[in-house]
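Going line by line, the protein sequences match chains B and Z.
Residues in the first sequence are numbered consecutively from 4, following our numbering.
Residues in the second sequence are numbered consecutively from 410, following our numbering.
Calculated from the structure, these hints are not laboratory results.
What you were told as hints is all true, and nothing was included just to trick you.
Residues of chain Z placed beyond 12 angstroms of chain B at every Cβ, according to the derived structure:
#	residue
1	Leu506
2	Leu507
3	Lys508
Cβ pair distances, simulated, as ranges:
#	chain 1	residue 1	chain 2	residue 2	range
4	B	Ile20	Z	Asp466	27 to 35 angstroms
5	Z	His495	B	Thr124	53 to 61 angstroms
6	Z	Arg494	B	Thr124	50 to 58 angstroms
7	B	Phe138	Z	Ser498	44 to 52 angstroms
8	B	Asn81	Z	Asp466	39 to 47 angstroms
9	B	Leu79	Z	Gly463	41 to 49 angstroms
10	B	Leu143	Z	Val451	19 to 27 angstroms
Which bits of chain B does chain Z cover? Going by a derived footprint, with three or more residues having C-beta under 8 angstroms, they are:
#	stretch
11	6-18
12	30-43
13	48-54
14	62-70
15	149-157
Yeah, the Cβ is synthetic: ideal placement off N, Cα and C, and Gly gets one too.
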Amino acid sequence: MDTASLLFYLLATLLVIASLMVVFLRNVVHCAMALVSALLLIAVLFVTLHAPMVGVLQVMVYAGAIMVLFLFVIMLLNPAALEQQPGLWWGFGTLLALMLAGVLVPLVATNDLPADPVAATELFGSPEMLAKSLFNDYVLPFEIASVLLLVAIIGAVVLAKREN
Amino acid sequence: MIGLHHYLILSAVIFAIGVIGVLIRRNLIVILMSIELMLNAVNLTFIAFSRYLGSTDGQVVVFFVMAVAAAEAVIGLAIIISVYRHRQSLDPQEMQLLKW
Numbered sequence: 004m005d006t007a008s009l010l011f012y013l014l015a016t017l018l019v020i021a022s023l024m025v026v027f028l029r030n031v032v033h034c035a036m037a038l039v040s041a042l043l044l045i046a047v048l049f050v051t052l053h054a055p056m057v058g059v060l061q062v063m064v065y066a067g068a069i070m071v072l073f074l075f076v077i078m079l080l081n082p083a084a085l086e087q088q089p090g091l092w093w094g095f096g097t098l099l100a101l102m103l104a105g106v107l108v109p110l111v112a113t114n115d116l117p118a119d120p121v122a123a124t125e126l127f128g129s130p131e132m133l134a135k136s137l138f139n140d141y142v143l144p145f146e147i148a149s150v151l152l153l154v155a156i157i158g159a160v161v162l163a164k165r166e167n
Numbered sequence: 410m411i412g413l414h415h416y417l418i419l420s421a422v423i424f425a426i427g428v429i430g431v432l433i434r435r436n437l438i439v440i441l442m443s444i445e446l447m448l449n450a451v452n453l454t455f456i457a458f459s460r461y462l463g464s465t466d467g468q469v470v471v472f473f474v475m476a477v478a479a480a481e482a483v484i485g486l487a488i489i490i491s492v493y494r495h496r497q498s499l500d501p502q503e504m505q506l507l508k509w
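This is chain Z alone, in the form it adopts within the complex:
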């Protein structure tokens, strides 16, 4: 039988893969996609807890996470378009104007 810890371990692995994506990729769009992957790993945890504790609160929280993730994706992609217009690049390592 599949217990709650199976789902938690799966979520932890997906979250860690998302962290790898944020740390090693040099493309802003893929970094944003990795963040979406991490948010989904957390959503999976919420749904698993809601199932194993018999409460719908976890599912309601996932609604709000989805709303915030949609807002985050929209703003993030708008910022990426704006940055690309100014610098013709999507490489985060070239964005260092604030560094001295």
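The following block holds chain B by itself, in its conformation from the complex:
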């Protein structure tokens, strides 16, 4: 087994463990920390897939900005004091999700997919190539995304405002 395979299996194992911790830990702050580690592991997977720019953005946007927001809300509301035992859907929910995995995994495992990656050029995944693609073919979605973010900012301020 070569180093690339070894690295993938190591990252995959850690990622599955971190994801299970997000779902099954009782303390909400511990869940948030497990989610941060899962997001960082996914960023490392992005880098191994020749997407360094997206990996850096993953660390900055997800593990940085979004998780800080989550931690702020956790500190604001202190939900640790409110945590209850899992409801009556525990077994049913797990069974349903296992069935979903049982459908998805054979579906993607049997199709004939490319086993070897396309030989990557020097520029593949670089900011330069992504910027060219983003500002030529995807200009309209880019502008729509900026409007969406503006709407989200206004919506968050209006929703979280104290009403007197």
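Take the given structure of chain B and dock chain Z to it, following the hints.
Chain Z in isolation, oriented as in the chain B frame:
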């Protein structure tokens, strides 16, 4: 050698774990975190396809998914704060005013 199906199976497993979180947890914040986990599983699929098909389009799509996920997290957390102010609870099973 690691093929595309390795990444797809890993994504499917992470996605299913996120679904478990949404279905069984009784805390709105953890449910939102599980949704973020599911979005990241899909992002991993996009990046893997972009690598194995030699096209940067998948990476551009991941940009947009990140922007939408950020907007979703902000609005979701604002709604959670608003709900908590009214009901002093984060349990989704207590939010049943529309049920009769």
